[in-house]
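Novice: Protein chains in written order, with the numbering used here: chain X, 1 to 186; chain R, 1 to 183.
Think of the hints as simulated: they come from the structure by calculation, not from any bench. Note that CB positions come from ideal geometry on N, CA and C, so glycine has one too. Errors might be hidden in some of the hints.
Label pairs and their computed distance ranges (CB to CB) [claimed, not checked]: (1) Asp-38(R) to Ser-11(X): 37 to 45 angstroms; (2) Asp-52(R) to Gly-19(X): 34 to 42 angstroms; (3) Asp-18(R) to Gln-22(X): 35 to 43 angstroms.
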Amino acid sequence: MTDSHKESLESLVAKARTGDSQAFSTIVRQLMNQIAALTYRMTGERESALDLAQDTFVSAWENLRGYRGEASFTNWIYRIATNKTLNYLKAGARRETVGELPDEIIDTTAVDPEKRLARKELAGRVLQFMHNLPPQQRIIFELRFYKGMPFEEIARATDRALGTVKTGYREAVKKLRNTASKKGWQ
Amino acid sequence: MDCACAREILQLSFGSDDLPKELQDHLQDCQTCQAYRDELARLASGLGSDNDFVLSDADLERSVRKVDNAIKARRPVSATPFTWLRPLARVAAVLLIVGALYSSRTDFDWPGQNAEVSDTSGVKLVDGRDDTPEEEMDEGFVSILIDDYSSSGYFEAGEALLGDISEEELEYLAENFEVGELL
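I would like the entire structure built from these sequences, with the hints used as guidance.
Specialist: Right, here's the structure in full:
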């Protein structure tokens with residue numbers, strides 16, 4: 001994210017905190033993709049992922065007063081998305097198998113067929129790997145690897161001890177090696 | 001640093017190019033750990049990045065619209081221009097309640113509480129602060145009583161009324177008034 005974009009997000013957040021729903025709508029437009037990516041990789045389900053992403057922003061709007069700026073606004077939103085997704089997974093509403101990635105959730109119109117296929121294969125591989133992880137490890141891996149969140153913030157976001165978070169990430173990496181070895185991934 | 005420690009750090013650094021100097025020094029001299037580092041790097045690149053996930057325009061627009069509609073249905077979270085009135089309104093409500101309780105518990109002369117009632121001839125029949133001793137019978141009152149209730153049409157009322165009168169009062173009536181069949 002460029003400095004100007006980051007600054008823009010901060011000023012949008014400041015406006016949204018005063019009740020400016022238009023500013024918040026702009027925030028939603030800017031961050032929806034990142035949040036939907038998280039919820040999709042966590043659930044593997046298109047509709048659920050979109051619902052969870054939308055619910056995340058609605059909760060964020062309702063709790064804007066709770067955002068005190070200790071973490072970045074984006075990380076604060078990730079925390080909300082994480083909690084909602086974990087609750088969803090705990091409720092047991094998840095698919096047993098992860099099939100092909102539906103075309104419509106990922107925009108493939110801008111890429112050529114070869115790249116489109118590669119992107120689909122990659123996404124499918126990711127989902128296969130992620131869904132071999134238990135939910136807590138899955139979210140730790142998502143926040144660390146895909147969102148670049150420091151371990152300390154992941155610990156706060158998941159209400160886990162720092163050591164637990166680090167151990168969870170290492171275990172996920174080991175499982176990735178095993179999965180790749182079994183599946184013959186290059 | 002030994003190889004076990006180096007592997008742990010490589011796992012924790014998975015997806016990151018930022019390695020601690022101590023680890024870099026170990027990797028310079030250890031081919032086994034170099035191979036492990038290279039393997040993890042390949043796996044990381046095989047997982048892509050967050051930017052590989054791009055929501056379709058249709059889903060993005062639909063999602064933004066749903067969020068807009070949902071938050072419009074809710075109250076704004078920010079301070080309204082009149083939130084400073086809320087504490088004042090609370091104080092005013094408390095004062096009203098206290099005032100109402102206070103006035104209901106104090107002696108208060110409600111209108112009509114001690115009203116005097118008179119008959120059509122102007123004789124005072126009911127005194128709100130009636131302190132007439134029982135042994136004193138108001139002659140005017142008795143006379144009116146008899147006049148009002150001694151006719152044949154009022155025998156029942158008269159009997160009911162006279163039923164409450166003591167024997168002394170009955171004697172008084174008999175001695176001083178022609179009450180006839182009434183008694």
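Novice: Compare the structure with each hint and give your call.
Specialist: Hint by hint, here is what the structure shows:
Taken as a hint, the range 37 to 45 angstroms holds for the pair Asp-38(R) and Ser-11(X), whose Cβ atoms sit roughly 43 angstroms apart. Our hint of 34 to 42 angstroms for Asp-52(R) and Gly-19(X) holds, since their Cβ atoms are close to 36 angstroms apart. In this structure the supplied range 35 to 43 angstroms holds for Asp-18(R) paired with Gln-22(X), their Cβ-Cβ distance being about 39 angstroms.
Every hint from the earlier list agrees with this structure, and none is contradicted.
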